[in-house]
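Given the sequences, and given the hints that come with them, work out the whole structure.
Note that our numbering gives residue 21 to position 21 of the sequence shown, counting from 1, and the numbers run on in steps of one.
To be clear, the hints were calculated from the coordinates, so they are not data collected in a lab.
These numbers were taken from a predicted model, which means no experiment stands behind them.
Virtual Cβ for every residue (Gly too), placed ideally from N, Cα, C.
Relax, there's no trap hidden among the hints.
Restraint-style ranges between C-beta atoms, simulated for each label pair:
id, residue 1, residue 2, range
1, Ala-109, Thr-235, 24 to 30 Å
2, Arg-87, Ala-246, 25 to 31 Å
3, Glu-96, Arg-228, 23 to 29 Å
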Amino acid sequence: MSVIRDSVSTSAPDPESVYTRASPDSLGRIGYDLLLNALAECGREEFTGALRAAGSPGGTFHLRRGLVVGAESPGAPGPEALLLRSRRISGEEWAELVREAGGARWPGAELIRHGYAGAAQLRVVCMMALRDAVFAVVAGRVDACERDPRAEPLAPVPVGEGPIRLLQDANRKLAALAALPHPVRPNRERPSPGSAPVAVSDGRLTPVQQELLDQADGRRTARDLAFRTGRGVYTVTVEVARMLGAGLLECAEGAAPLPVVRVPEEGLRQRRPPAPPPPPPPPYVDPAVVTALAAVLASDAQALPRRASPPRAPAPALPRREPGASGITESLAPEKRGTSWKGFFRMRNGTAK
Numbered sequence: 001m002s003v004i005r006d007s008v009s010t011s012a013p014d015p016e017s018v019y020t021r022a023s024p025d026s027l028g029r030i031g032y033d034l035l036l037n038a039l040a041e042c043g044r045e046e047f048t049g050a051l052r053a054a055g056s057p058g059g060t061f062h063l064r065r066g067l068v069v070g071a072e073s074p075g076a077p078g079p080e081a082l083l084l085r086s087r088r089i090s091g092e093e094w095a096e097l098v099r100e101a102g103g104a105r106w107p108g109a110e111l112i113r114h115g116y117a118g119a120a121q122l123r124v125v126c127m128m129a130l131r132d133a134v135f136a137v138v139a140g141r142v143d144a145c146e147r148d149p150r151a152e153p154l155a156p157v158p159v160g161e162g163p164i165r166l167l168q169d170a171n172r173k174l175a176a177l178a179a180l181p182h183p184v185r186p187n188r189e190r191p192s193p194g195s196a197p198v199a200v201s202d203g204r205l206t207p208v209q210q211e212l213l214d215q216a217d218g219r220r221t222a223r224d225l226a227f228r229t230g231r232g233v234y235t236v237t238v239e240v241a242r243m244l245g246a247g248l249l250e251c252a253e254g255a256a257p258l259p260v261v262r263v264p265e266e267g268l269r270q271r272r273p274p275a276p277p278p279p280p281p282p283p284y285v286d287p288a289v290v291t292a293l294a295a296v297l298a299s300d301a302q303a304l305p306r307r308a309s310p311p312r313a314p315a316p317a318l319p320r321r322e323p324g325a326s327g328i329t330e331s332l333a334p335e336k337r338g339t340s341w342k343g344f345f346r347m348r349n350g351t352a353k
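See the structure below:
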């Protein structure tokens with residue numbers, strides 16, 4: 001990729017010349033010469049790829065052999081927004097076609113196959129989006145141009161347009177806006193509903209005017225209104241200028257733009273968690289109160305009689321064994337015989353009983 005910052009001279013420019021290029025010209029363009037030279041060089045070289053214009057809002061020009069076949073800009077609605085605005089297809093149907101196309105951002109073949117739009121209608125929508133994106137880039141600020149030979153266009157047109165011819169068409173649109181009684185820039189004025197109830201009550205508003213009147217709130221520019229309504233940014237800008245002249249819209253004098261927060265070059269400091277708060281101090285208790293409380297507790301302890309503990313029941317004694325309870329004595333006793341010792345001695349002495 002090559003970066004084109006100044007195709008007129010490669011020497012270091014003086015600060016005054018840089019200031020001149022950074023200042024808007026009679027049509028409010030900034031960096032237009034840089035974009036013109038970069039696109040003219042791509043046309044002479046028959047370049048194929050993308051030319052990215054960095055700036056506000058900036059954009060990308062897709063070229064094929066030196067001709068522009070597609071253009072995208074964050075400052076203008078793309079072809080998908082214009083097609084959805086026509087209500088030929090709903091958001092759910094569009095999401096289904098994108099899934100069917102394998103995640104492609106522009107399912108052109110699926111749109112034709114399912115009958116949502118014809119090939120000629122898609123070419124018209126893509127050409128409208130291309131010219132509107134070129135107008136948004138030219139009406140803004142261009143800081144640098146960078147080539148990318150590997151980028152592919154979102155919705156290319158079959159027949160490319162000459163880059164110089166596209167820039168001339170955008171310049172004619174800017175000149176037409178500047179010639180209106182109330183000239184408007186796409187990213188400058190922030191209109192709000194005006195005080196013209198006659199046209200509103202009579203119903204003489206066109207659908208575009210009614211839609212812009214409903215969306216204008218004093219914070220949105222013409223470019224914001226174009227995205228809200230799904231219409232071309234040039235069409236909305238012209239209509240806003242006409243409504244300002246008719247009193248349907250009005251702009252606050254000296255309305256300050258919205259502040260832009262820029263990240264410092266050294267980066268953002270990581271936020272440190274706050275230190276935990278110190279523990280609370282212990283509650284203060286008067287020593288006299290502690291002494292009095294201890295005395296009361298001691299007196300209460302002396303006044304209460306100590307209860308005698310109930311007598312303990314004696315432990316049960318082990319059972320005692322009674323002689324003969326088991327019957328073993330009787331079973332082991334010798335058998336009683338009829339004769340005794342007394343009879344024995346009688347028999348020995350020879351005396352009969």
